[in-house]
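Following the hints, complete the assembly by docking chain B onto the known chain A.
The primary structure of each chain is shown beneath.
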Amino acid sequence: MTPEQIIFIIVAVVTLTAALSVVTSRNLIHSALWLILALFGVAIFYVLLDAGFFAVIQVIIYIGAIAILFIFAAMLTRRVMQDSDPQTNSTWWLGALIAGLLFAGLALVLTNWPGLSTPASPLAGDSEKIRQLGLALVSPDHYVLPFELASILLVAGMIGAIYVAGEKKR
Amino acid sequence: MNFLSDPITFIGSWLTNLLLGWGLSQALVNTIVKFIGAGLVGTFGFALVIFTIWLERKLYGRIQDRLGPNRVGPYGIFQTFPDMIKIFTKEYITPDGADKVIYNLAPILSVSAVLLAWAVIPFAHTIVGTDVNVGVLYIVAVGGIGSLGIILAGFASNNKYSLLGAFRAVAQVVSYEVPMVLALLVPVLLGRTMGVNSLVNAQSVWFIVMSPIAAFIFFTSVIAETGRAPFDLLEAESEIVAGYQTEYSGLKFGMFYVGEFLHAFTISALTATLFLGGWRGPFAQQVPILGVAWFFIKAFIVYFVVVLIRISMPRLRIDQMLNFNWKFLTPLALILLVVTAVVDKLFYLAIPSVTISAAYLPWARAGIHLLVNLVILLVLIQILKGYQIKSRVVVAQPRAVVITPLAEVKTVPQEGSKAYDS
Chain A
1 MTPEQIIFII VAVVTLTAAL SVVTSRNLIH SALWLILALF GVAIFYVLLD AGFFAVIQVI
61 IYIGAIAILF IFAAMLTRRV MQDSDPQTNS TWWLGALIAG LLFAGLALVL TNWPGLSTPA
121 SPLAGDSEKI RQLGLALVSP DHYVLPFELA SILLVAGMIG AIYVAGEKKR
Chain B
1 MNFLSDPITF IGSWLTNLLL GWGLSQALVN TIVKFIGAGL VGTFGFALVI FTIWLERKLY
61 GRIQDRLGPN RVGPYGIFQT FPDMIKIFTK EYITPDGADK VIYNLAPILS VSAVLLAWAV
121 IPFAHTIVGT DVNVGVLYIV AVGGIGSLGI ILAGFASNNK YSLLGAFRAV AQVVSYEVPM
181 VLALLVPVLL GRTMGVNSLV NAQSVWFIVM SPIAAFIFFT SVIAETGRAP FDLLEAESEI
241 VAGYQTEYSG LKFGMFYVGE FLHAFTISAL TATLFLGGWR GPFAQQVPIL GVAWFFIKAF
301 IVYFVVVLIR ISMPRLRIDQ MLNFNWKFLT PLALILLVVT AVVDKLFYLA IPSVTISAAY
361 LPWARAGIHL LVNLVILLVL IQILKGYQIK SRVVVAQPRA VVITPLAEVK TVPQEGSKAY
421 DS
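Read top to bottom, the protein sequences are chains A and B.
Start counting the first sequence at 1; every next residue gets the next number (the working numbering).
Start counting the second sequence at 1; every next residue gets the next number (the working numbering).
Rather than coming from a laboratory, the hints here were simulated on the basis of the structure.
A virtual CB, placed ideally from N, CA and C, is assigned to each residue, including glycine.
Fair warning: there could be bad hints in the mix.
Unchecked claim - If you anchor each label on the Cβ, the simulated ranges turn out as follows:
(1) Gly-367(B) x Ile-10(A): 33 to 43 Å
(2) Ile-162(A) x Phe-296(B): 44 to 54 Å
(3) Asp-319(B) x Leu-145(A): 39 to 49 Å
(4) Ile-162(A) x Ile-383(B): 56 to 66 Å
(5) Leu-116(A) x Glu-239(B): 54 to 64 Å
(6) Leu-116(A) x Trp-14(B): 37 to 47 Å
(7) Leu-145(A) x Leu-334(B): 43 to 53 Å
(8) Phe-300(B) x Ser-139(A): 22 to 32 Å
(9) Thr-111(A) x Phe-328(B): 38 to 48 Å
(10) Thr-111(A) x Trp-22(B): 36 to 46 Å
(11) Leu-116(A) x Ala-293(B): 27 to 37 Å
(12) Asp-319(B) x Pro-140(A): 19 to 29 Å
The shape of chain B in the complex, shown without the other chains:
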């Protein structure tokens, strides 16, 4: 039964014992098993993206009242495979004057940076790539490498539009890292740890309940980090062709494409892990494989929201995007961080004087944090209302669009059918 409830750990320990039985040293066996695990996690990410590309295209189709891919396999589920073969057979074009090494390095960097984040995501309480004690910071660090890939692609292409895309990438991706890190500090404060798996363990009440504002800020800024609509300024096709990936063709373009889709699912998995309780759910502690199911259900729900936002939002202007970051998200995140820290400290100072059973303690804490979040939200809405009135300049009074029937009767005999057009 061990195999059925926890297959990965079972296979891992079986492999370790097998290799030890062959007379290899413990350190060497650990290294080999870790390398195999890393390869598996990476391959799993790529396998997953084959599915999510189909899913996203299908959802797009449905939301736009189309069918989406529906020819290859049932519901078009194998559509990605012909697309892959097509992309493999395309010609590589390297533009004249391009910086060849950097030009070829950039797509690899942008895919591998996304895959690296999967190393710390816990699928179940026993199935963790590696439980780093600074996992949250690791996620931020890996995000920085991804933006490096985009910048290098834009620079090395020797194309003005690519360069413009790279400039936008610097403005957007680097500045949205600020509210993202600040929002990530809130779960770290609440869970009192920086390890991702320990954070999931600490979520006896989901962090989205304890701090919905932090979840909102994190979610918004990671969507901006992926560079998808409504934040797709780095590849805005109506303005700068395709931004940083204008000159890429064949598999190199394919890698950017895979990287983008994988990034979209990775941020969903991260949001599910950090704010929706990750693998937590009924019987997840006893049967680890159930934890995997809970984790993926939550991740796909978040992913659905990501796709929904992408398909239904118009693109932001660059000044709106930067104003939103620096004048709204960052101050909000700073205020939230300070308030959460003070409230949490006060709560634990006040605990000894209040009699409360240990079972209700997390819920009482969550309730107080939720209350504080709601107060911040109300104050925020009041402040925003003032700004809204100031920022809207009245250019003209509204005009009547429809002509009254009485006026129509007068004009019709003189000018004939033209009167209807006015």
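Just chain A, same shape as in the assembly:
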């Protein structure tokens, strides 16, 4: 077993435990912290896959921005954080069944897919990867339209948030 595989197994166990704890933890802040750990584990997977850019972006966007917003929002509602209701409802078996079926279906499809066992072809050089990504995002025959649409969506969301939160002046 290579050291990379050992690191992968440790990180996988930690990530899965954290992901499970996000939904089972009763304290909202603890859930957010477990989520951060899970997202951090995903970032390490990106590093192991030799995709440093995505790893760093994962940490900046999800941990540096989104998770901090979660925690901030939860901090403002300190009293309702502790939840003592039962964590399952009467249809839990249905959910478990659907999730199990989905997992089985995905596993079946993936085991029959030849791409799972063949190693992927190596990518371009280190700095070349970011260059290709950047060009792909702005070149007209690639992804410029989805990219711009996502930007417009985000701007609309931001303006909406400012309108909702802002002071109404008459």
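What follows is chain B alone, placed relative to chain A:
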């Protein structure tokens, strides 16, 4: 001579060969050597902070016309060690109702986030922790983890003042990340790379010469990120006791303390690396150990400025701090980024039509960028003058403070010595 000129690489390759000679596989040896290197960089950071705490206290003393620490060792240089022993022996106090796990996790997070940034700082062209090709983004990402530590400390303490400090931390640290990232994009544009070591290699002309405004914005926003004066609103002692670290005692407080001092030096090292040419200097390419010396000289010069700013500036009000960020730094950074990108592109479009020798090319480019920066600065000053006049409301006309001698003569015989008080 190899050992004298480049000791770290020498020891590294010696260790690798030794372990390979023992019959270990190449991948395992790489992992072991990387782990040892990571441990060394972390330990080095902690060792450095022992020195910088003394240095900062000494500089404080001198600027405030005091002696500073002067009892333990020559010039009090070992003062930090008794302080450390004192802090180790203090009692840990966990407040009632505190969230214990998070309460203990927060100081660890805030120290380790600062230490993580040292992984990508190049000390010399061969002595680099790890040369990530997205090093600049990595620095931003690590900064986010540090602010997480502060927020958790404020939340978990179960103390109103701590919580207020954490709210301020969110407002300050998260919003100052915006101009910091925008200012960091300027060196990335000029150096055409995101790796920190490659950025140092690209600085045949220092980036502070090419884009002084970007250096100013970066420096200001990283000072705000450290939460030190004049941006120490998160622990403003005259308003909210000690902010997020109110409830911490003993070594847990010590970790925040070490984290803050280490952060102050880390931002100096980052500024020196990204804008002052890092390890670049005479003979740094031939003798890597000289590069380390150049790097630390530059870092300590910046550090001196950081300390000077901290000791001589009054604290900002929270609305001033946020206005300064969103209405001044962020628009300025955006304008600078767009203008720099356009000018750089135009420069390279115009190059084929102008005959210029390759040796002068970087200097011509630097000159044009400097000129553009100066133009932006002049326009900025003109705009600011208009705002300055509008923002100042005249409350009253100035009054004469000193009584004319003639009036004094009249009042003295009637009211005696009391007239002097008015």
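Check each numbered hint from earlier against the structure, then list the numbers of those it violates in ascending order.
1, 4, 7, 8, 9, 11 and 12
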